[in-house]
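This is what each chain is made of:
Number of protein chains: 2
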Amino acid sequence: MRTYLDCLPCFLRQALEAARLATPDENIHRKVLNRGMVVLSEASLTSPPPETARLVYRAIKEATACGDPYRELKLKYNRIAKGMYPRLKELVARAEDPLLAAARIAIAGNIIDFGVGSDFDLEGALSEAMASEFAIDDYSRFRESLAGTKKVLYLGDNAGEIVFDKVLIEVLGKNGRHITYGVKGQPVINDCTLADARFVEMDKFAQVISDGSDTPGTILKLCSPEFVAAYRGADMVICKGQGNYETLSLAKDRSIYFLLKVKCPVIARDLGVSIGGIVLKKG
Amino acid sequence: MRTYLDCLPCFLRQALEAARLATPDENIHRKVLNRGMVVLSEASLTSPPPETARLVYRAIKEATACGDPYRELKLKYNRIAKGMYPRLKELVARAEDPLLAAARIAIAGNIIDFGVGSDFDLEGALSEAMASEFAIDDYSRFRESLAGTKKVLYLGDNAGEIVFDKVLIEVLGKNGRHITYGVKGQPVINDCTLADARFVEMDKFAQVISDGSDTPGTILKLCSPEFVAAYRGADMVICKGQGNYETLSLAKDRSIYFLLKVKCPVIARDLGVSIGGIVLKKG
Chain A
1 MRTYLDCLPC FLRQALEAAR LATPDENIHR KVLNRGMVVL SEASLTSPPP
51 ETARLVYRAI KEATACGDPY RELKLKYNRI AKGMYPRLKE LVARAEDPLL
101 AAARIAIAGN IIDFGVGSDF DLEGALSEAM ASEFAIDDYS RFRESLAGTK
151 KVLYLGDNAG EIVFDKVLIE VLGKNGRHIT YGVKGQPVIN DCTLADARFV
201 EMDKFAQVIS DGSDTPGTIL KLCSPEFVAA YRGADMVICK GQGNYETLSL
251 AKDRSIYFLL KVKCPVIARD LGVSIGGIVL KKG
Chain B
1 MRTYLDCLPC FLRQALEAAR LATPDENIHR KVLNRGMVVL SEASLTSPPP
51 ETARLVYRAI KEATACGDPY RELKLKYNRI AKGMYPRLKE LVARAEDPLL
101 AAARIAIAGN IIDFGVGSDF DLEGALSEAM ASEFAIDDYS RFRESLAGTK
151 KVLYLGDNAG EIVFDKVLIE VLGKNGRHIT YGVKGQPVIN DCTLADARFV
201 EMDKFAQVIS DGSDTPGTIL KLCSPEFVAA YRGADMVICK GQGNYETLSL
251 AKDRSIYFLL KVKCPVIARD LGVSIGGIVL KKG
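Residue numbers (this note's numbering), protein chains in the order written: chain A, 1 to 283; chain B, 1 to 283.
Isolated chain A, as found in the complex:
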């Protein structure tokens, strides 16, 4: 998906939010905004938004001298989500269709997204995702494709959300299917990294790999050769969240599925759905 001009003011708002997490010093906040505006003035509109977001967040890190403004919040949401884990497992265990229940849970977790805002109703998102109709529903095809799939690459999105992903990964991993869970190489927004995967013990159910990048999405030219090899070698790629949709929506070379909750008007328009919609879409 290309970058729309609407993304520019939104990036600036995000930059301010991240700067405030990094330091209380308003002079530094101003410096972050001014550096961010230089990045935005030069941003390419033909690239997907995360390509620019990456440069904005690099400017934030530089100006604040803080490598990970969302560190505390990521830990907080990992803990909250971990506390919900037994209940999420129970929902799957009781479900008529455990795969569907687990997919719905994974999508619910996608409400935790500090790129969009900081006011989440995680319980509300869970109830809604368990009961609502999908705004885009390719679940039958997803289920069918999965039957013949041996190697799944699952691209994670955010900390906290990773616990919700784990519930789906446990279901996907049955029948000896090999699951690889991809995380960011460096901190960016609240995207999950190796540290988050370790914290939630993702490695019990999947091989965890870093994509070697600090892009809040997946841009292969910016990823490590090891990650690109894992991507090329997978029978199916499951992409969580808006950033992975923005960067891989045009990938036509493989079986790819997008699981997300729509939180931004630009993506809503691109997908042709309303904000708040839950999406399981074949690429």
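This list has only true hints and no planted wrong ones.
Subject to a maximum C-alpha distance of 25 Å in a straight line, what follows is the list of computed DMTMM-like cross-link-like pairs (lysine to aspartate or glutamate):
1. A:61 x B:42
2. B:221 x B:42
3. A:76 x A:123
4. A:174 x A:235
5. B:31 x A:51
6. B:263 x A:6
7. B:31 x A:270
8. B:31 x A:6
9. A:31 x B:42
10. A:252 x A:226
11. B:31 x B:62
12. B:61 x A:6
13. A:31 x B:6
14. B:221 x B:51
The hints are simulated quantities; they were obtained by calculation from the structure and are not laboratory data.
Guided by the hints, dock chain B onto chain A, whose structure is given.
Just chain B now, kept in the frame of chain A:
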């Protein structure tokens, strides 16, 4: 009120909205954003936000070669509001306290504000303003001050809303009180100008004067000497809307009242009220 850093991304969003009204050419939209970001990089945080907004809207006019992007929308809302006028008059005629009813109506009209967004529920705002409690209620003092007031300067805000103002001005003008209605010298956002005042026949009930400025608010150093004289000569100043609050909230030299509907988080914080609140506040 000072400018907060939150205002900067918001100005950029407004610039894009105005640019889209002025032209469908995306290259020009981009030029507007880039010029806007130069203005924002240099903006003073000690000035009230409308002082920067004025410069941003000047950049929009230059880059789009359109002197009045909101022209059509202003006309549209003037017409809608004019259609509601008999009903608004009826509400006042039936009211136990006509001054209070007219003040509530004037505040309801303040929902029409393209600096904030473009999706108004005017009917909803009217029902709400007639029935809700004020978030800040200095009505008794307003009523008392008015008793001894001969000359009122009423600073208008937006097109469309001006019809709602007229309803209050008709009540204020009783007992031979002299009312002056201040409008902008040049178009800026959807703020009302002499053309709007003529369209709604404001001159039947008030002396209409231009402030000689293109500031979406009232900054005396940027106003014409005639306007400053009218301001200094008034016994009471009534200020409509956020822009006039932002620019005159610290004016302590006169009897001044602010009538507005709170639509922005920064102003909500400054006033200590919630978004959506209706305010009648003594300065």
